[in-house]
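Residue numbers (full-length UniProt numbering), protein chains in the order written: chain A, 1 to 385; chain B, 1 to 99; chain C, 1 to 461.
Source of the hints: derived by calculation from the structure; they are not laboratory data.
Don't take every hint at face value.
[Stated by the list, open to error] Quick partial rundown of chain B residues pointing at chain A, CB under 7 Å, derived from the structure:
| id | residue |
| --- | --- |
| 1 | 50 |
| 2 | 71 |
| 3 | 73 |
| 4 | 94 |
| 5 | 97 |
[As the list claims (entries may be wrong)] Listed below are the simulated BS3-like cross-link pairs for lysine-lysine, each with C-alpha atoms no more than 25 Å apart in a straight line:
| id | chain 1 | residue 1 | chain 2 | residue 2 |
| --- | --- | --- | --- | --- |
| 6 | A | 214 | A | 228 |
| 7 | A | 282 | A | 228 |
| 8 | C | 56 | C | 175 |
| 9 | C | 186 | C | 56 |
| 10 | B | 2 | B | 52 |
| 11 | B | 2 | C | 3 |
| 12 | A | 129 | A | 101 |
| 13 | A | 282 | C | 276 |
| 14 | C | 70 | B | 2 |
| 15 | A | 101 | C | 455 |
| 16 | A | 116 | A | 101 |
| 17 | A | 129 | A | 116 |
| 18 | A | 228 | C | 347 |
| 19 | C | 175 | C | 190 |
| 20 | A | 282 | A | 214 |
Please read these numbers as outputs of a predicted model, since none were measured by experiment.
Note that the Cβ used here is the ideal one computed from N, Cα and C, for glycine as well.
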Amino acid sequence: MSQPVTNTTARADVIIVGGGIMGAATAFFARQRGLSVILLERDLVGQYASGTNFGNVRRQGRFLPQLPLANRSRALWGDLPRLIGENVEFLPSGHVRVAFKAEDSARLEQYAQDCKPYGLELELYNGCKAVERFPMLAPDVDCASFSPLDGHANPRLAAPAFGRAARRAGATVQERAEVSNITRTAEDFVVETADGLRFTAPLLQISSGAWGQKMAAAFGENLPLTPKAPQMGVTEPVPYRIHPVIGYASWVEEEGVYLRQVERGNIVFGGGLRSTVDLNTKRAQLNPLNLVRQMPHLERILPDFARLRIIRTWSGIEGYTDDDLPVMGPSARVPGLYYAFGFCGHGFQLGPGVGATMADLLATGKTEIPLEPFSIARFAAPVDP
Amino acid sequence: MKGLFRRVSETQRSPITITVNGQPVTALEGDTILTALLLAGAQLRLNEFDQKPRAGFCLMGACQDCRVWTESGDELRACSTPATPGLRIVTAEVPWTSQ
Amino acid sequence: MDKPVVIVVGAGPAGTRAAQTLAQAGLRPIVLDENRQQGGQIYRRQPENFIRPASKLYGASARAATALHKAFADLLPRIDYRPETLAWGVVDQQVLVEHNQRVDAISYDALIIATGATDRIMPCPGWTLPGVFTLGGAQIALKAQACAVGAAPVFMGTGPLLYLVAWQYLKAGIKPRAVLDTSTLKTRLKGLRGLRHRPAILAQGVRYMAELMRAGVALHAGIQPVRIEERDDEGGLRVRGVTWRNSRGQLRHTVGDAVGMGYGLRSETQLADLLKCDFAFDPISRQWLPVTDVDGATSQHGVYTAGDGAGIRGADGAESAGALAALRCLADLGFSVSPQEVARLRKALEPMTAFREGLETGFPWPWRNAASLPDETVICRCENVTAGDIRRAAGSLDAPELNRAKAFVRVGMGRCQGRMCGLAGAEVLAAARKMPIEQAGRIRSAAPIKPLPAKIRGIMT
């Protein structure tokens, strides 16, 4: 952004490495808690997974123990224009998951029961009721699970808006600052950039997405993390008639497509097969044939999709752990070190909540949001007897 | 309604009729849809965002600003699609889910 | 061993000569072309039931056009020609194509990109009105449809096409109301150093100008477009005329019912971009172009560019470049090629390159106009993004380059993928941030390079 740090060493309460939505939101909320913040982003804030994802603000279907975090995040999404002073096109127009097979419907029904104790209320529509409620759906939908308070937002805007809000709140947001080295002295982390800048702080947060694995490994914490590239696309604009986000509930990977219509009229879609990524060149090896493979499944959930034209596709670079859960919370080895990365393609909705929760941790060392399932300790090699 | 285009020659061709938004439009065999529409009127479509008329721009398939639709919803690039007898097109809005 | 598969994308002058050269070496190239008929834009054919002779259609280039059409007809039995086929993406040494909503993936050993160019556009207020077309578009209406874009057209922009199209309209019986050229007599004199490398073409341009003047068509140099005026009658919004400033800064108005506009050409480079070919900023044309050697070999093994798609050298330059790229491709595939022929083609291209520099100097892209466009001027006509939107991206949203501005305010995000607005959008952004234009970058290409029906089905599904 516009006023980069040029002096050789800057110090703050916390350094955040990685300016995706996790890092940018943490920077913002940490400032709200009065911490001084330096956010270092290798390229531009929100340029990778945070800016290229589907834009789902979805809670239903999540790992149940993640719902408290998702609920907190949902509340923050609803408060966003006021909170950060910018509109990121959050539209709480609902989210519907549709199933065509009895076993997938059974999973939807089970989930609707299981998520109730977490305060998530879903509406279930079976058979013809589904099409009565959502007439745009295919007539043979077996079950539709509707989460009325979920929705979608514009990922191209959200993380940069948090970054700007953090800066307005007094954070140092350093873009095009690639971290080349991190060391730890008795009291501080020392973070150096490729351009020769040097930053120190007693607290450090790693939120560098698919690149988080390498940074955690530098602190002796290894985890399996595979970078993958989702297949995203968008249609030409058409009259705005599809209000809820629609997702295909299927355990067949290729069928797992989803779509949302933005108010301007374009339909954004994604899902299905992912492509491989080269982390060094920062480029996804996007296979456009996956786009062709998406089409019948998109038409399956929304028959009128077949009337439209695809005008653009893209991808991003996402980090996937082996258990499909993120790494979030304190380091298991290094005091003062915190992680928030590896959100496995479902981090966008969580972004504001992650930011607020990490700010809890950075400011007070604790949070009311349960984070045990996301601890990096779960990947630690068993200790030799 | 006065068209934008003017024929300068090649008027010996056979007339054909297409249907545009339910109204018959006469053209000559070999005309593109764009030619047929801009001889008969002054627009092809409305821009989605300001609802102002557009009448194509590049005529070579690059600008994508001359798209019209068949009544059944197939999109046609008017500058590069011939008008054929009996073709029925709509220009106001893509035929798309009414719900 | 099977013969190598070479795909040629585009069947204009470059693509045709490339395919011919490959066929002569015994290969059976696959020629993909989006158009219904071979010829490209410059030698675009009229529909079969039109009767005008080539001399009427192509004027001074009639012989070249006819020769190219005939060469292609002779070639048909020896090539795999796929008209109305869009090459929309690439993956793993395959070109992805669409034809009639069917998708196919075609493997290749080598690929020659001959995708041509479109008009380079500097927007001005009113340029999205019905009745405003590119110069190329105005010419196509005449050439391929025997129609004028209006009864009283104004031609505005710069470059030789401006005078050629105005002259063609005059000959067709439609007298242009004015030719408004942003280049000055001074820059044209400067350009002469390069332009004199092709004296015949230079003479032709002078002749067009003279004939236009003799017919009473006003030719204005050094103008600045102010706005294309509208009127709303006779059944819809349309052009009423053009307001402009003369070289002394005085406001002038020309009444007309149509505008043909264009400021030279911009290359179609999407496929080279999808193939991850290296690009470099070309300061002469202020465009990012694929990096190639003199023969058209790109940074990617087995990928070549030829014709206006690799930098503007005109139709005959494209023919030579097509043949040369094909020879280079053959040599790389292990065929023996005639060094004399390679040398001859390289030599033939030399004056074209100098001529191109002369054109860019003599009829420069009026990039400075971008800075003074009113905020409400539409830049991206697909998404209706204005100069003010781009300036907001440059300012309060802090976008340092064009793709970031695209992410924030949607410039270049629409159906045409920035073909019409990309260059001007970069200029508006660079001016707003007071940075050199090369720092504004270029809009990244993405598959599908043109809209693709969601109905597509193909081998993969």
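Legend entry - Interface hint outcome for residue 50/B [beta carbon to chain A under 7 Å]: violated, 12 Å
Inset, instruction - Measure nothing beyond the straight line between the CA atoms of residue 129/A and residue 116/A; if it is 25 Å or shorter, mark the hint as holding. - result: holds, 22 Å
Legend entry - Pair hint residue 282/A and residue 228/A, alpha-carbon separation not exceeding 25 Å: Distance ~11 Å between residue 282/A and residue 228/A Cα, so the pair holds.
Legend entry - Hinted pair residue 282/A and residue 214/A, Cα distance within 25 Å: Roughly 14 Å between the alpha carbons, so the hint for residue 282/A and residue 214/A holds.
Legend entry - residue 175/C paired with residue 190/C [C-alpha distance capped at 25 Å]: violated, 30 Å
Inset, instruction - Closer than 7 Å between Cβ atoms is the bar; does residue 73/B clear it against chain A? Give me holds or violated. - result: holds, 4 Å
Legend entry - 25 Å limit on alpha-carbon distance, applied to hinted pair residue 56/C and residue 175/C: holds, 17 Å
Legend entry - Restraint check, 7 Å cut-off on beta carbons, for residue 71/B near chain A: violated, 12 Å
Legend entry - 25 Å limit on alpha-carbon distance, applied to hinted pair residue 2/B and residue 52/B: Measuring from Cα to Cα gives roughly 18 Å; hence the hint holds.
Inset, instruction - With a cut-off of 25 Å on the C-alpha distance, tell me whether residue 228/A and residue 347/C pass. - result: Not satisfied, since the Cα-Cα distance of roughly 48 Å exceeds 25 Å.
Inset, instruction - For the pair we were handed, residue 214/A and residue 228/A, check the Cα-Cα distance against 25 Å. - result: Since the Cα atoms of residue 214/A and residue 228/A sit roughly 16 Å apart, the hinted pair holds (cutoff 25 Å).
Legend entry - Pairwise hint evaluation, residue 101/A against residue 129/A, where the allowed Cα distance is 25 Å at most: Holds, at about 16 Å.
Checked against the numbered hints above, the structure breaks hints 1, 2, 9, 11, 14, 18, 19 and satisfies the rest.
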